[in-house]
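Novice: Given next are the chains, with one letter for each unit.
2 protein chains.
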Amino acid sequence: MGPKTAQRLALHILKRPESEVEDLAQALIEAKKQIGLCSVCFHLSSEPVCEICRNPNRDNSTICVVADSRDLIALEKTREYKGKYHVLGGVISPIDGIGPEQLTLQALVRRVSKDKPKEVILAISQSIEGETTTLYIGQLIKPFTKVTRIAFGLPVGGDLEYADEVTLARALEGRRELD
Amino acid sequence: MGPKTAQRLALHILKRPESEVEDLAQALIEAKKQIGLCSVCFHLSSEPVCEICRNPNRDNSTICVVADSRDLIALEKTREYKGKYHVLGGVISPIDGIGPEQLTLQALVRRVSKDKPKEVILAISQSIEGETTTLYIGQLIKPFTKVTRIAFGLPVGGDLEYADEVTLARALEGRRELD
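Just so you know, the sequences run in chain order A and B. Count the first sequence with the numbering used here and you get residues 1 to 179, in order. Count the second sequence with the numbering used here and you get residues 180 to 358, in order.
Hint data in this document are derived by calculation from the structure and do not stem from the laboratory. Small disclaimer: the values here were computed from a predicted structure and weren't measured. All C-beta atoms in this analysis are idealised placements derived from N, C-alpha and C, irrespective of residue type, glycine included. Hints are all accurate, no fakes.
Each pair of labels, with its calculated beta carbon distance range:
#, chain 1, residue 1, chain 2, residue 2, range
1, A, E161, B, E352, 18 to 28 Å
2, B, Q318, A, P3, 49 to 59 Å
3, A, F144, B, E298, 31 to 41 Å
4, B, D343, A, V109, 27 to 37 Å
From chain A, some residues computed to sit far from chain B (all C-beta separations above 12 Å):
#, residue
5, M1
6, K4
7, A6
8, R8
9, S19
10, E22
11, Q26
12, I29
13, V40
14, R58
15, S93
16, P94
17, I95
18, D96
19, P100
The shape of chain A in the complex, shown without the other chains:
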């Protein structure tokens, strides 16, 4: 939680009756007690296995790998993706002391070698750490399945003129044949 969200919370509770603040405090404790991580994909879940992993209508043949649950939620909002997920719990970042062993990579490799999905999509942002993580995972799981990564380029509706140079160069490099 950043300073802005913290301030918003503080100002909110000061305006509210004490009983309501006590309810909120209780709800936070309950949430902390009840929400854990899904044992399959490591998404936040109140059950041992999360709703997405339990949903029989989700496509088992695709696993989308994301850095954290926030990214999973963002992808779910698009309503475009019908496969399963795998939440890494972060990205490789030596400067913050996060190596591959701090992430859920062993579980991912086990899952991929056992379930044999047709495709693993790496949906990790293109920062230096994200890039390192993407390449590292690629090496790990390429022996087992097809590995793809999400597209980088111009945002939809965005003007060329306002795109930063790196993004524009990437959009040019990543061009594809018109259908």
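Since the structure of chain A is already known, use the hints to place chain B on it.
Specialist: Positioned in the frame of chain A, the structure of chain B alone reads:
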């Protein structure tokens, strides 16, 4: 020129000595007189054929199609592209009374059928008008050459969480195999 730029210009000249403002006014008139459009690619140019079209080191086998000269300048700043350009002079927009015949499309078709480039890259933003224009040009020039379009997706360094849903959906849809 939008209201902000106009205001900036107005405040600037009020602070300056009269002689300098007269010089600026004269320079504007000169610029207007001297700058026309390149007869090959329709980029702004003080010569009948622009510097890029005249440059023997630019690759003749690729033409990048952009809506206007601003987009061309943005692409040049990336220093990634070594081919030629074609400036449309806008995008197809029936609501603004701009049809295909208001753009430099005839000249493009002539150029493509005559020069036979290996590839034409459509670098047009993905608005409704941009999309229409991209598909229209695709139909026009596909008989002559390979037609590609720039990539749309997550901006480089951008977080999944902050991408709008359409862009994220597009990034997922446009995924490609990891090298």
